[in-house]
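Please assemble the complex out of the two chains, which come individually in their own frames, going by the hints.
Those protein sequence lines, which keep their order, are chains A and B. Going by our numbering, the residue at position 81 of the first sequence is 1456; the numbering climbs one at a time, nothing skipped. Going by our numbering, the residue at position 43 of the second sequence is 808; the numbering climbs one at a time, nothing skipped.
Quick caveat, the hints were computed from the structure, so don't treat them as lab data. Don't take each hint at face value.
Unchecked claim - BS3-like, lysine-lysine: derived pairs with alpha carbons at most 30 Å apart:
#1 B:Lys1098 - B:Lys860
#2 B:Lys914 - B:Lys1054
#3 B:Lys1054 - B:Lys860
#4 B:Lys825 - B:Lys1098
#5 A:Lys1405 - B:Lys914
#6 A:Lys1396 - B:Lys914
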Amino acid sequence: MPLGTGMLAGLRRIISIGTRKPVTFDYPEKPRPIAERFRGGVGMRRDALTGNSACVGCGLCETACPNEVIRIDTSEAADGTRWVERYEFDLGRCIVCHLCIEACPVDALQVTPAYRLATGNRTNLIITDDEMMTLWEHPEQALFDNEVSSNWARKSASIDKD
Amino acid sequence: MRTDHEAPEAGIGEEQEMILNIGPQHPSTHGVLRVITRVAGENIREATCDIGYLHRGIEKLIENRKYYQGMTFTDRTDYTAAPAGNLGYILAVEKLLGIEDEIPDRTHYLRMVVLELARLYGHLVWIGTHALDIGAMSMFLYAFREREKISALFEEGCGARLTTSYMRVGGTGRHDDPPGWLDRILEFVDGFRIDDFDTLLTDNEIFRARTIGVGMVSAEDAISYGLTGACLRGSGVAWDLRRAQPYCRYDEVEFEIPVGQDGDVYSRFMVRLNEMCQALGILRQAVAKAGELRGEPTNIANAQVTMPQIERVTGSADGDQAGDMEAMIAHFKLVIEGYSPPAGDVYMATEAPKGELGYYFVSDGSGTPYRCHIRAPSFVNLSILSQMVEGSLLADLVACIGSIDIVLGEVDR
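In isolation and in its complexed conformation, chain B is listed as follows (with noise of 0.2 Å):
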């Protein structure tokens, strides 16, 4: 397609098309993404998508590392939900260890608590801008008035606001969780108030009018497209890896898959809100299961992947012990080597907030991964937005980027 700025020739009586750029600085693009559109008045013939603006050499990265120095990498990708992105990498360690079957029940039911906290935390983000992009001024500041609680839970447990970094090959690392964290995430499920964005949008007219029958895509092309997450949800196809594809006791816990029926913008909407219920849900069970669970330990036994007790190398604060040597060396090689998964590959594909967030992983047996690469919920449902668009109006274009609810931290990775 022409991406150069010549105005066409137009005869007299036809339409006259010319090329415009969407983005890359355009609030409502959520971040760095460029769309070319070739534009016939309001209309759009042709949108095509320029990504790679936010390109850091993630996968690049992580091979460049220990495999448990790449974990850190990860809460940059979706940036909206960090440890959506620690768990799908540490999953895929963990499997191509073989040690995925030693994780204790408690370490599982934590993470399942983080994650859910995350999916909350990122459909926030979501809900917030995409009805700020449809003109619901008021809706981000709710949204990211719940977000800040969430901040708040992640900053005492995990440690940081933004980038969690919670997980561990093997557990959770060091840190469990403190005390009373647990109630009071309980606390913010009883008091979060879903019921606002519930009366603020989904029987507001305005809103109706902007999303209802924009951005159609059947379940076909869905599922052609490979689309996954709410956009597939969305087109009516109840496919969850949640269900499909138990990973950390998900079969365990009780959740419905919202399912759309249109394909529309609204769909999606309704499909996330609902979402959004289900995972206060999930929130309930997995906190009463982590709280049963108090006491038992966080991290495996397997002294290859586990880094020893600290007090068991550095030795008594008050130095009436000395160290042991022998958790000393131990600590120095894992520090050192890391650990070395057997030679072989592995595709670990988890349930993000975005969509089907994989890892995959082909090790030579050495330190380092030989190869990483990231499929991308954000980049691959990206993918569809030029024909979600072709023939619309331009103000449908902010709509349907919403929609699709991508992040470019984890499109262009």
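Same shape as in the complex, but just chain A (with noise of 0.2 Å):
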């Protein structure tokens, strides 16, 4: 095979690829649609009736995290019934495995295909279970209305300007 033979078959192969349609998106433009499946943030579900938190502060969530995110407090309330004072789920060290989601047993933890969950500050991070509801309810919007996600939609305004 003559010298250059290889190389001008991958140069026309990479003229040809060129013609070809393109593959990318105009992320965060136009942002991409997210599978079904896609394991998001972790939300908690609103009770219909109390309108609180569906949590019954059982534990299994603390249990079966691997990573020592969710931290969970709870007394007894006047009528022997168990009440969770306090639902904390730190983001910085979530690794969004869902095993809690899977540990529920009552269904509170729920899926999200939320993802904009960055900040400019890491004490925002620690979570309770208010905004878990708020990511439970509105997984598109960004969960931290600060200056790097408002950065971004200025950036992203002016280039829809353009």
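What follows is the structure in structure tokens.
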């Protein structure tokens, strides 16, 4: 085979690849579709009757989590029922394996497709059940209204104008 | 060897040697590998690998977790092909529990589908970065174009693009295959442009000049160093655990074991390229088999291992039917205690994209492993680098590292 034949064949191939349809998305201007099963941030179901979180404070998610992300403090109410005093979820430690969701016996923890969980302040990453209910109700919104996401929005807006 | 930065004194007419650190922050070391080289001009006299920059103590982390929790860490060993790590771990735990014969066929084929996708996934990273190191820039773009499609398939089927955590002990957990997923895999397999890689590299004169005759490993050396995977097959030894010790119904699909002849970088390249073709063939067969078995259960019925259906625990959504107390108790026991395999030890080896990935467990009968050891193929394969590059040029070191196909998450664990 004469010298350069292989490289010429490669060059021809590169030109032919150039004529194919692009495979990329214009992210973040145009969000890409998210699969139904995508494991995003962990959401909390709001109980339809009480309007509070559906968590019963059994602590199974705390036990199932491999990274000690979840912390639950419970107390006993006057009628002897268990009451969730505090439900903390550390997004900074979470590896989104969703073992907690599999462990939840009352289906309170929910899979959400939320992935806009960035923040400029590390302490914001420890969220409570209120924010987890927001995640479950509005997974498409950015969880934190902060510098990172607002800069991003400004930048996207300026690109749109152009 | 010397690791200080003093230049040795050189007399008149002698070549001056110097110590050159390659990495840990060097793009062609595929992560945080540091190679301490003693060079004379461009000739490598000696090369020593310094590893451990990515050590996270995954074995120890697994030892301190329950068996079902440890699976999440295996995503992060070989993160270029996470399902392969999942499968090695899960098969070892299943063998330890003695339930490996109860696994349904459909689960085996679904696992095979995900595993062969992972093999392509891993090899695409390898071909992109290996060619990029040698100077073929566009290859990286084309490899990651195909890889993106597999990412999307993983996202759809497993729930995550990189850290899949797909398998569970005793089956696939709550996830089987979503509707239409297997068809989309077939679509991907049919549209996979392996000829792009073949045309651009196999006959490319520059690529051939950089790889043929470089980094020679004889078959004897490969065996005595314990090399596995494409590094061993590139030297002419037809050893593939999928054929030698079949698991996951690999004895029921047809595939060939590509073998190289010369044991150089080019042979290992050809072996991996052919492996990608074989993976496409296995995918076709496995998808067909998994499609035939649709509707069958994916989890074993063993209540000691498999979580009860969540509807049985919570009751029906409209509240008409209360939860089943038996199921609730089983659920709580499984989450809090996990499962306790009998005391003993087990070693399970699987053919991961990088080579023989083995998980060794020692159980003392409790819910956490007493000892977990990961036989990481990248770690063992890396051991031959010093011998491979001794006496060669500095530029060949980059080609050799690429052809061993290491991933530092697995080397350091």
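### Message
For Lys1098 (chain B) and Lys860 (chain B), compute the direct alpha-carbon distance and say whether it is at most 30 Å.
### Response
22 Å, holds
### Query
Is Lys1054 (chain B) close enough to Lys860 (chain B), meaning Cα to Cα at most 30 Å?
This hinted pair holds, its Cα atoms lying about 24 Å apart.
### Pair hint outcome, Lys914 (chain B) versus Lys1054 (chain B) [Cα-Cα no greater than 30 Å]
22 Å, holds
### Query
Straight-line Cα separation of Lys1405 (chain A) and Lys914 (chain B) no greater than 30 Å?
18 Å, holds
### Query
Is the straight-line distance between the alpha-carbon of Lys1396 (chain A) and that of Lys914 (chain B) 30 Å or less?
Given pair Lys1396 (chain A), Lys914 (chain B) holds - Cα atoms ~14 Å apart, limit 30 Å.
### Query
Going straight from one Cα to the other, do Lys825 (chain B) and Lys1098 (chain B) come out at no more than 30 Å?
At roughly 24 Å apart (the allowed maximum being 30 Å), Lys1098 (chain B) and Lys825 (chain B) satisfy the hint.
The structure fails none of the hints (numbered hints given earlier).
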